[in-house]
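Those protein sequence lines, which keep their order, are chains B and H.
Position one of the first sequence corresponds to residue 1 (our numbering), numbered consecutively onward.
Position one of the second sequence corresponds to residue 139 (our numbering), numbered consecutively onward.
By construction, these hints were calculated from the structure, which means they are not laboratory data.
Backbone N, C-alpha and C define an ideal beta-carbon position, used for all residues, glycine too.
Hints should not be assumed to be uniformly reliable.
To be verified - Below, simulated DSS-like cross-link-like pairs (lysine-lysine); rule was C-alpha separation at most 27 Å, straight line: (1) K45(B) <-> K258(H); (2) K237(H) <-> K78(B); (3) K265(H) <-> K45(B); (4) K361(H) <-> K258(H).
To be verified - Computed footprint of chain H on chain B; a stretch qualifies when at least three of its residues, placed anywhere within it, have a C-beta under 8 Å from a C-beta of chain H: (5) 37-45; (6) 59-71; (7) 86-93.
Given next are the chains, with one letter for each unit.
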Amino acid sequence: MPNAHNSGHESEGNYGHISVQTYWIVFGSLMVLMVLTVAAWYAQKHFIHLPEIVAVGIALAIAIAKTTLIIYFFMHVKVSSKLTQIFAVSAFVWLMILFVITMGDYMARGWPPQKGPLTQAPAVIAVGEIQSSALAGD
Amino acid sequence: MATTPHEHGYNPALLHHFDTPGQQKEAATLGMWAFLVTEIMLFGGIFLAYMVYRWAYPAIWAAAAPHLNTPLATVNTVVLLVSSLTVALSVHAAEMGNKRQLVTLLLVTILLGATFLGIKFTEYGEKFAHCAGYANPVAWMTGGERLAEAECLVPGANFLFPTEVASAAEGSAAPALVARPGMKTPHQLFFFLYFCATGLHAIHMIVGITVMSVIAWMASRNKFSPTYFTPVEIGGLYWHLIDIIWVFLFPLFYLV
Chain B
1 MPNAHNSGHE SEGNYGHISV QTYWIVFGSL MVLMVLTVAA WYAQKHFIHL
51 PEIVAVGIAL AIAIAKTTLI IYFFMHVKVS SKLTQIFAVS AFVWLMILFV
101 ITMGDYMARG WPPQKGPLTQ APAVIAVGEI QSSALAGD
Chain H
139 MATTPHEHGY NPALLHHFDT PGQQKEAATL GMWAFLVTEI MLFGGIFLAY
189 MVYRWAYPAI WAAAAPHLNT PLATVNTVVL LVSSLTVALS VHAAEMGNKR
239 QLVTLLLVTI LLGATFLGIK FTEYGEKFAH CAGYANPVAW MTGGERLAEA
289 ECLVPGANFL FPTEVASAAE GSAAPALVAR PGMKTPHQLF FFLYFCATGL
339 HAIHMIVGIT VMSVIAWMAS RNKFSPTYFT PVEIGGLYWH LIDIIWVFLF
389 PLFYLV
């Protein structure tokens, strides 16, 4: 993505301008990405069978690309102050902390076992046994 | 602009605790972004719940997601992306001082937002009509076509997932219409998240339309000028955020 570096000498609150043409190009790209994500879903459902993690990965990669375009151009982060840019990026840093630490904790504790407790009652017992045996070990 | 007795050096839009209009605009933009970060965290909680449960129960997602209306959601995605463009163009029109174009674009945005909600309402209506035993919302109102196969995808006491009916009928003569959380209707989990996430998003949409209506009214009353259009700018930021949330909801719920 071309990153127009601002010199920083503009007056406060004015860091440049995004043209109408850019808005239309961004909109066109968003529509193309939207078609791509639906097409990828349709192909995956009817023609080629990808592992679920790959299919979700493709869908999320496209969603992140769309989000980046919207935030950078439509939400004027490109022509905002450094502090605003840091705020915008910070949201996703907090999100990553939320996701990574929570999922890391679940995975490290081995929850759920192979089959979830909602679908298979024995799995609940299995977890209970692990915990009780761990307690007994202490 | 109406003429004021203090044409020189006096800006009615500049509040006294700011030095320059630029500083004021900067503060407003930063404040809005701080709010948007909290909004992202609010939806982040829902996305986290989604992540944990989909990871734990992929089979539920695979079975439940095809019951959502993907074509309608695709149309809604297009509607929202177009509305984001009209908002971006309306901020540009405000910057240029083009009042006529600004008001028109804001009204188009409101119309697109209402279209989105209308389609969402149809989607929800379909689910509720199925619970009432009718094929679609219109049949429900007019007492028309009944639903062939019993189905209720709205979480609650009457939740009934189609494939769960057969297994329940095997066990006993009476169909298991009463949901026992965690046992008979694990598919409820997916629809619970679906209604929470899209419902919260729809509430944001209603707020967004209200905000845009106020801004359109302000614009028609000549409240903005090329030097002062901060409400258009930060209202636009809010609208784009609603669009971004949908950009994630769409593939995660409808394209499983």
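key: Proposed proximity, K45(B) with K265(H) (alpha carbon, max 27 Å)   = It holds: about 24 Å lies between the C-alpha atoms, which stays within 27 Å.
inquiry  = Please verify whether K361(H) and K258(H) have alpha carbons no more than 27 Å apart.
reply    = It is violated: about 33 Å lies between the C-alpha atoms, which goes past 27 Å.
ask   = Does the structure keep K237(H) and K78(B) at a Cα separation of 27 Å or less?
value = holds, 25 Å
Three-residue Cβ test at 8 Å for the coverage of the stretch 37-45 of chain B by chain H = holds (count 3)
request  = Test coverage of the stretch 59-71 of chain B by chain H using CB-CB distances below 8 Å; three residues minimum.
outcome  = With 8 residues close enough to chain H, the hint holds.
query = Counting residues of the stretch 86-93 of chain B whose CB is closer than 8 Å to a CB in chain H, do you get three or more?
reply = Since three or more residues must qualify, the claim that chain H covers the stretch 86-93 of chain B holds, with 5 doing so at under 8 Å.
message = Checking one constraint from the list: CA of K45(B) to CA of K258(H), max 27 Å. Satisfied?
response = holds, 24 Å
This entry does not satisfy hint 4, going by the numbered hints stated previously; all others are met.
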